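Participant: One line per chain: the protein sequences are A and B, in this order.
In this text, residue positions in the first sequence follow our numbering: the first is 2, and each later residue adds one.
In this text, residue positions in the second sequence follow our numbering: the first is 687, and each later residue adds one.
Some clues are possibly wrong.
Restraint-style ranges between C-beta atoms, simulated for each label pair [said to hold, decoys possible]:
| # | chain 1 | residue 1 | chain 2 | residue 2 | range |
| --- | --- | --- | --- | --- | --- |
| 1 | B | 710 | A | 396 | 45 to 53 Å |
| 2 | B | 975 | A | 525 | 19 to 27 Å |
| 3 | B | 944 | A | 445 | 48 to 56 Å |
| 4 | B | 984 | A | 501 | 27 to 35 Å |
Counterexamples of contact, computed for chain B against chain A with all Cβ distances above 10 Å [as the list claims (entries may be wrong)]:
| # | residue |
| --- | --- |
| 5 | 711 |
| 6 | 723 |
| 7 | 726 |
| 8 | 872 |
Note that these hints are calculated values from the structure, not bench results.
What you are looking at is a predicted structure, and each value in this text was computed from that prediction instead of being measured.
Each residue gets a CB set at the ideal place from its N, CA and C atoms; glycine is no exception.
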Amino acid sequence: MVAGGGHAGIEAALAAGRMGARTTLVTLSAARIGEMSCNPAIGGVAKGCLVCEIDALGGIMGEAADASAIQFRMLNRRKGPAVWGPRIQADPDAYRRFVRHALDAAGVRIVEDEVTGLLGPTEEPSGVTLARGGRLEAGSVVLAPGTFMGGVLFRGRERWRGGRAGDMAADLLEADLRARGFHVERFKTGTSPRLVAGSVDLGAMEMQQEDGPGFHFGMRRPLLCGPGYRMPCYCTRSSERTRAAAMRWLGESPLYGGAIQGAGPRYCPSFEDKIVRFPDRAEHQVILEPMGRESRLLYMNGLSTSLPRQAQMEMVRSLPGCASAVVARWGYAVEYGMLGAGEFDATLASTRARGLFLAGQVCGTSGYEEAAALGVLAGRNAAAVAMGREAVCAAPEGGYLGVMARDLARGIASPYRLFSSRAENRLHLRVDNADRRMLPEAGMWGVARPGDGDLLRGILDDAGAALRLLGSARVGGLRALDACRRPDVDLGGMLTRIPGMEAVREGTALSVALDERYRGYADRSTRRVAERERLEALPLDAIGSFMDLNEICWEAREALEKARPGTLGEASRVPGVRPSDLDGLLLAVMGRRST
Amino acid sequence: MRRAVGAAGGSLEPAMSAVAFSWPEGRSFTGEEMVDIMCFGSPGVVEAVLKAALEEGARPAGPGEFSRRALASGRMSPLELMALASAWSPGTPLAGGGSGDLESEARRLLDFLQRLQEELEGSIEFGEAAGVDSMDRDEALAVLGRARAAAASITAAAAAAEGPFRVFVMGPANSGKSSLFNLLVGRKRAVVSPEPGTTRDGAMETISIDGIICELADTAGPGPAAGPDVDALSISLAELRAGDCILWLSRGGSQGIPSWACREGVRRLALCSCCDLSRGDGLNISSLTGEGIGELRRWIASEAGSVGAAASAGRLESLLAEASSFLESGEDGLATAALGEALALLGWLVDRSDAPGTALERVLSRMCVGK
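Given only the sequences and the hints, what does the whole structure look like? Please build it.
Facilitator: Next comes the structure, spelled out in C-alpha cells:
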C-alpha cells in the first residue's frame, strides 16, 4: 500500500508491482498523480544521473521524461562526461498522462482518499486508516505524502492549510504519527509565480534552445523523444527595481516575519532569500520555462517567492519584457512535516513501525528525481518485507541512490538536494555507465523489467569486446587503452577509427573508454573509501597489550592502552593516535606479515 | 625534588638545590604538562638530579622526542618541524628563521586552492542550470600556475631540509634485486646475471614515482661466501636510518625479513620475487612479466608520501600540473579530483590533518633531544 501519488509514490507502487506484490496507491486526487508541483523540468547535474539509475532499476521517470520532453539539454557539456547533467523541459500534462498510463498498465489499484494514520499497534501496523474508506489492510506501507503531511501554505500574511495550491493537506496523518511518538520535524519549500505566456514580450528576452545532439534517459525505449513538438525557454534578469520591490515588502514575508519555522532549502532559495543573503549582487537570472503547449503558462525559474501578491506583481513587472505580464498563479511557500534522523534507516524502513517505509519529502529531500529514486527503494523493500524477504540498502559506492539514502539516514538539517560532490567517487557515478552499475542491482533486488537480463548480458558482452579492442588497437603510436587516459584525446573520434568497434553499442564503447580515462582517480578514491570502511570495522581484540607493539610510537601505545579501543575505527578516533600508528596497528593485527 | 636530590647527593648544601618550574597543560612547548628543572652545571649536581628523576620512574628521552610530542599533540605542523630541523642542519634554505615564511606560504596556498576548488565545484553543480557560468577558465588556469610555482618552492625547501626518501632493494643473493632495480629505474644500470653475487657494490639512482622523487639503492645480497658482498651490505646497513624503506625480495617469499633489517622507523615490505617461477603468500612480483609492479610502485609512492614532506610537496606539484591539464581539456571532474588530492596533501603539511600518513621520522631522527 502506497500513500501518495507524487513522484515517490508512483515509483514505489511500480517497484512493488515489479516485485510481484499487489499494490494499492492512495491519493487525494487521482487526476493529479504525477503532477509537477514546481518547475516543469527533470534532470540536471547528478539529478540527471539519478534519473538514469531509476531507469536502470526499472522505474518510469526516465521514460516519462523522454516522452514528455519539449527540450533536451546536456548541462556541463564542456566540463567532461564525468559531470554531464542531462536535463529536459517537460510538458507536465504529457508527463502526467504517461505516468498514469504506466500505473494502469501495471495493474496498480488507485484509491482516491486521505490516509489519516496507521492501523493497529505502532510497532506492527496492519495497514492505514482512511478518511472515507475506513481501513485499508496491507502487508506493508510506503508513506510518500510530499508536502501534504501537515502542509501549511503561506503568501504574505495569508496562511492556509493545504498540500499544494488548490489541494487539501493530510493533517490527521501528521497528528497520528506525532501521537504515536514519531519525531515529526518541519521543513519548508516554495514555488514561483506562473505567467500567462501571451502577456509577456518574449522578443525582449534571450531565447534558450536545445543544445547539440540529443540523449534519452530511457535505455530500453530510445524512441521516446517528446510529445512531437519543441519549445524554447527565455532568459531575463532581475534588476535593482525587482530588488527594491522585494525589499519594500520584506516585512510581510512569512519567512522573515517569523511565521515559518521550518528549515528551507539552502540550494533552492526564494528570491527574497537571495537578496538578503547576497545583497551585493545586482541581478539574478530568471528563466521563463514553458509549461507545455496547451497550458500556455510560463514558469518563472529563479523567482520562487512567498511575498504578498502586490509584491509579486511589482517584482514580475520590473523584469525586462514583463511590463504588462499577467500572473496566472501566485508563488507561495509551503511548510510540511517530515521524519528526521533516527526515524528510518538506509533501507528507508521506519525504525519504529515494522513494515512502514518512507520516500520523498517525508525523508527530507527536495526534488522530483530524489523522491522518485527513494520511491523505487522504498517500494521494493516494502514489497519484499510483505512477502517475507529482506530489505536491501543501495550501495553508496555504486550509485547516487545509495549516496542519498545513506546521507538521509544519517540526518540532515534542511531539505536535501543531490549534488555530484556528495558522492566520494563521482568519477565513477556517471550517466554513461548507469546501465552497467544499476541493472545488476535491479536483477538482485528483483525489480528488473522482463528482458533486462538479456539487455545487461548484451551490454556486458559489448563492454568486454570494447575493452579487448582498446587493449589491442594502437592509436598514434599509443595503445588505445593508454590513449584513453589522455584528457586531450577525443574519445568518440578515436573509437570510430578502431576496426571492429562498429559492432559494439556506441554508448557502451564510449563508456568503457571513459572508465579508462577516469580509472586512476576513480580507483584511488574507491580505495580510500574501501580502506576507511575496512579499517573502521577491523577488530583489535587479538592485541593483548598495546604497550608491546613495536610498530607504533610509544605515545600512541600509551593512549591506546588507556582507551582500549575495540576496532581500528575507534582507535583512529583516540586522541594522540596518528594515521601511521594505525598502519602499525594494522600490521600487528594482520600477524606482522611483512616481518 | 630537594628531598630527592638531597637524599641522592647526601651532602648537598641547601643553596645548591635545583629550582623547578611547572608548566600547566597546553602552555609548554609540547603542549603537555611539564616540569622544567634548573640546576647548577656541575656534573655532580646534574647526575644527582637525573638519578633522582630516574629512580622516581622517569626515563631518558629519545632523539627528537620533544618535537615528536609537539607534533603529536598538534602544537607543531610538519612544516614547522622541518624548519626546526633545518636549524640543526645549517646551510639549508630554511635555516635562520625563514621557516615561518614557508609555513605561511603553504597556508596561503591552501586558502587559494580551497577557493579555486569551491569555485570549480560551484560551476559544476550550478553553473549552467543558473544560465550563466561564473567561473573564468583562464583565471582559474592562471591561479593554478601560481599555485604550482608555490608548490615547487615548498618542495625545494622541504627536500633540502629532510633529504631524499630512500628505498633499499635487499634480499638474498640472486633473488632478482637488480632486475627489479633496473625495471624501476627504467633502464639497465645494474649488471644482471644468474650467477649469485654479481652485484658487488650498491648502485644508486634517483627515480620519480607518481611525481615523488626517491633514491633507489640496489644492494648486494648476503651471499654464501664472505668478502665484498657482505662489505657492500654492511655499508648499506650502516646507511640505513629511520624514514628509509626496505624492499625485501626472496624467491616466492621463501625468506622473511631478517631481524637485522628491522629497525625503528624503517618501513619494510616483503616481496615474493620471480613469481613467474614460484609464488608465495604476499605481494607477488615478477620483473619479467611485470606482475605486481604497478602495485609495488603505488606502495612506494604512498609510503614516501606518508613519511616525507618533500615527497608530499613533490606529489602536490604534479597533482596541480595534472589539474591544469584537465581543466584545459575540459575535464572538470578530473580537475576537482586532482585538486582534492592536492588539498588533502597540503592540509597534512600545514595542519596535521588526517590526510596521508606518518610524521617525519627522518627529520626527527636527526634531531637532538630538546627543542
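Participant: Could you run down the list of hints and mark each one as holding or not?
Facilitator: Structure-based check of all given hints:
{"no.": "1", "hint": "710/B - 396/A: 45 to 53 Å", "in the structure": "holds (49 Å)"}
{"no.": "2", "hint": "975/B - 525/A: 19 to 27 Å", "in the structure": "holds (24 Å)"}
{"no.": "3", "hint": "944/B - 445/A: 48 to 56 Å", "in the structure": "holds (49 Å)"}
{"no.": "4", "hint": "984/B - 501/A: 27 to 35 Å", "in the structure": "holds (32 Å)"}
{"no.": "5", "hint": "711", "in the structure": "holds (13 Å)"}
{"no.": "6", "hint": "723", "in the structure": "holds (22 Å)"}
{"no.": "7", "hint": "726", "in the structure": "holds (32 Å)"}
{"no.": "8", "hint": "872", "in the structure": "holds (16 Å)"}
When the structure is compared with the earlier hints, no violation turns up for any of them.
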